[in-house]
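**Student:** Residue numbers (the UniProt record's numbering), protein chains in the order written: chain A, 1 to 283; chain B, 1 to 283; chain C, 1 to 283; chain D, 1 to 283.
Treat the hints loosely; a few may be bogus.
For chains that are exact copies, the list does not tell them apart, and a pair is met inside one copy or across any two.
[Stated by the list, open to error] Below, simulated DMTMM-like cross-link-like pairs (lysine to aspartate or glutamate); rule was C-alpha separation at most 25 Å, straight line:
#1 Lys69 x Glu254
#2 Lys68 x Glu283
#3 Lys29 x Asp167
#4 Lys29 x Asp252
#5 Lys69 x Asp101
Hints in this document: simulated from the structure, not taken from any laboratory.
Protein chains: 4
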Amino acid sequence: MFVLGPNRYGKAETRVVRVTKHGDAHHIKDLNVSTALSGDMADVHLSGDNAAVLATDTQKNTVFAFAKKHGIGAAEDFALLLARHFVDSQPTIHRARVAIDEYGWDRRGGHSFARNGRETRTCVVHYDGERSWVVSGLKDLVLLNTTDSEFWGFVRDEYTTLNETRDRVLATAVTATWRHAGVSDWDKSYEKAREALLTAFADTYSLSLQQTLYAMGSRVLTDCPEIVEVRLALPNKHHFLVDLSPFGLDNDGEVFFAADRPYGLIEGTVLREGAPGAGPAWE
Amino acid sequence: MFVLGPNRYGKAETRVVRVTKHGDAHHIKDLNVSTALSGDMADVHLSGDNAAVLATDTQKNTVFAFAKKHGIGAAEDFALLLARHFVDSQPTIHRARVAIDEYGWDRRGGHSFARNGRETRTCVVHYDGERSWVVSGLKDLVLLNTTDSEFWGFVRDEYTTLNETRDRVLATAVTATWRHAGVSDWDKSYEKAREALLTAFADTYSLSLQQTLYAMGSRVLTDCPEIVEVRLALPNKHHFLVDLSPFGLDNDGEVFFAADRPYGLIEGTVLREGAPGAGPAWE
Amino acid sequence: MFVLGPNRYGKAETRVVRVTKHGDAHHIKDLNVSTALSGDMADVHLSGDNAAVLATDTQKNTVFAFAKKHGIGAAEDFALLLARHFVDSQPTIHRARVAIDEYGWDRRGGHSFARNGRETRTCVVHYDGERSWVVSGLKDLVLLNTTDSEFWGFVRDEYTTLNETRDRVLATAVTATWRHAGVSDWDKSYEKAREALLTAFADTYSLSLQQTLYAMGSRVLTDCPEIVEVRLALPNKHHFLVDLSPFGLDNDGEVFFAADRPYGLIEGTVLREGAPGAGPAWE
Amino acid sequence: MFVLGPNRYGKAETRVVRVTKHGDAHHIKDLNVSTALSGDMADVHLSGDNAAVLATDTQKNTVFAFAKKHGIGAAEDFALLLARHFVDSQPTIHRARVAIDEYGWDRRGGHSFARNGRETRTCVVHYDGERSWVVSGLKDLVLLNTTDSEFWGFVRDEYTTLNETRDRVLATAVTATWRHAGVSDWDKSYEKAREALLTAFADTYSLSLQQTLYAMGSRVLTDCPEIVEVRLALPNKHHFLVDLSPFGLDNDGEVFFAADRPYGLIEGTVLREGAPGAGPAWE
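Construct all of the structure, not just a fragment, from the sequences and the given hints.
**Tutor:** See the structure below:
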């Protein structure tokens, strides 16, 4: 017969904005919170008996209520608070996963803000009633180097037509996630890790995007001792040099066509040697 | 020091359209192909030495060339062909993952077609030089039942405000993936699995979306002996009954607000008992 | 000094789903309704005095209440009902624009439905207290011909590199809107106009997408005497023949790369001679 | 019979990136260029005769070639250059419309950049062989005030349920376009107009979004004498105060739900008195 395998359920993308007012100076936190719970869920799947189910509507309510009761500091702390609450307060819930996207705003006055449109800060927290795992990260950080990138010496088979190049534009949209060994000063850690990614991308003389990826991951581990593992997904956003010779023009790295699809996709992991096991951190 | 962990690289989203002409009757296959390779990739990450790298541009070329040389039948077969080619022809490549999305077209004449806009058919194939794993699936299959859905008897804690209901609209956008035991008649298997999902959704008197999920997965396993595991992600696309009482109107399941966010998200797996191990199938 | 120019305000994208139950057979209408009102709005702009403003929240409520009170038949009729209500009931509102997108569902049982994913049906209605204007249409109707399309004889200047072709794939995503002379059987008119577009695209031996556009518009006017003007926006979704010669393969219209950007964009209008003036119909 | 009405054709969304190198300091301009031409196009529509057609592929080539030959300064200048070229060099082309979106990058080093993710700068230029019209603008500038916004005193009819409020969050995503009287220092004008929009949003004590809109438009006209007309589309991105009373919590402007749909949409125009006619500027 059939068996129920891994499962979880929750409320995805609760968009909560928390305003804090210190006199005339207001502050905002703008989050997209997704909660997912697991536990004694055989009955609800097999017979529709909801006795073990904390409704997803309740999970949403809890996000809003906790935003009021506890305020929102670092997204990681808010996620941990929620994860612990669900597991510790509900006997049928044994594991919680809370994922948060955070959008940044620039101050334009005491109570006026403009979305900065930079990359989105992310975190995913797991809690199983005893231990917790925290992964922080960012996505949609779009970077481009106009030079210091080569690509040559690759395999040539019967389907290879690509020319070798000693100078190309290298562009990507970084999705990065990094696993913490324990509890950190999340905001400070984030700023350091972000800066490490940006700096490594800018400073690496690149012979391949894989090399750049490894340099970025290593730099995060070097600069952030609290981090034990970095995962990166780097699309190679191709900028093709346009052939202007039909128009009697040369093109010495000046005019590029920014292509959409297909794109290269380089994915990789850099770990601190002897890093503790990841458990469910990446699930 | 630092260690290179799991990694892969490839060309994502190569959009290939293959036309086959039998006299006046033309046929089209419209695919979005993503290839990803792994193998002896330490050097390229650590030093930028590309001697082991089959360029992503070459992978793209191979997709187009194979579309011509071998034609395109079932997406699974085309994916297997590509995966085996990369691993078997390149000594440095030890594993390949090929993912394909397929878009459907309705015939409007001998050589005229209209995109049917139905769900997207998907597959992911892995090959390691000896074995292959095939997962088929679909996404964006949007379903709605106007009745035969209840939700009650769930946990009530201090943050619970949701009313119990004995009649509600149940709507979802199905993402389903299913793992095959071996080689199948992929097209026939797909049609049976798809029909099983649709029928189970329509026929299940639902006490929770989890119950519906399990019923859908079980139906696929029942109707398709070649399939050993089904994974489903079902967003609960909330249709809220609008309170019309301020206008002196009742609303007996007639007028709904289709909400965007947040949404419930129910994820689960149904396995055939004694199913063989999944290996890298879901990676 | 400064002058307030054209303005309007309203509630955009109210997602209303209307269920009608005839015994065991249920029916659904799934709409996205946007209302916009104009009138005596100088004060609200100049001083924030809202005395003339029917709140956008009220407009949304009216959509839901009317869905209950009047049911929903053709989207055009529902739009007219709303437009007339706002203008006729509010002395400060002089003009209304109601735009509706309608999503189609296929029946899968007495009360079970699957989104058909076809193109979206659209309409825009204007009412000024005396007259009304109705524009119907569709968007995202994706069509492709595998042959019967040429492109040659075009201007060649110093920046022209394109080769002439006597056989190419022609693909587009139709956005079409058509203006009615008066009141029609909207559903019947829609089906005829849609069929005219599809048939003209399939049947036209095309020497340019402009020619196809004109043929499509003309066919609508020919088949639908109730329609006086057709506007079409046809992106030329380029399908480039892949050069397979480096691999020793020919490519006689068999393997294409479906490109994203840039794309051609052909926009044009076909009118019935002596068509009445459009008034605000296209605003 | 039928008549060909207004029409135009061109190449949309040519993504050109122009790199300029001054020693070690590189600069980039990142544009999305759409060209559209009109003229003696009866034949191509009626019979497919392309003798008057400058192919859209040629238009794309011209964008790339001009990026090399002339460099890219302000987007408006590049658009004017292209528009004039097409009309002045082709006897069959009588009018050109060139629209450009520009994406901003922050410098991270001599040749390293990060997309700033701020709003997109836009322009639309028309040229008819004699005169030109320039509209500049921006889109996706997301702003939020945490206070100094009220909404009360609006019409109450039988479908009105909204409570009056003396303090709410006001948020919007600005789409603004402004028409120039003649030639400007486009970059300087843009910075002034952008700053005027931001400042007016932050400084206006708002009794309605319409009032804020008018204040924003007026501020642009006040600060930028070179601009004669401003058009604004301001979605009211509702931030609903969450009712926390079921949990025994008050909510004094602290916790909000950021809703997606429906949203208010306020559109309006502010003109300088005696502004010259707009001609085709807004088409």
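**Student:** Each hint needs a verdict: does it hold in this structure or not?
**Tutor:** We went through each hint and held it up to the structure:
| no. | hint | result |
| --- | --- | --- |
| 1 | Lys69 x Glu254 | between (55 Å within a copy, 10 Å between copies) |
| 2 | Lys68 x Glu283 | neither (29 Å within a copy, 39 Å between copies) |
| 3 | Lys29 x Asp167 | between (42 Å within a copy, 19 Å between copies) |
| 4 | Lys29 x Asp252 | between (46 Å within a copy, 16 Å between copies) |
| 5 | Lys69 x Asp101 | within (20 Å within a copy, 41 Å between copies) |
This entry does not satisfy hint 2, going by the numbered hints stated previously; all others are met.
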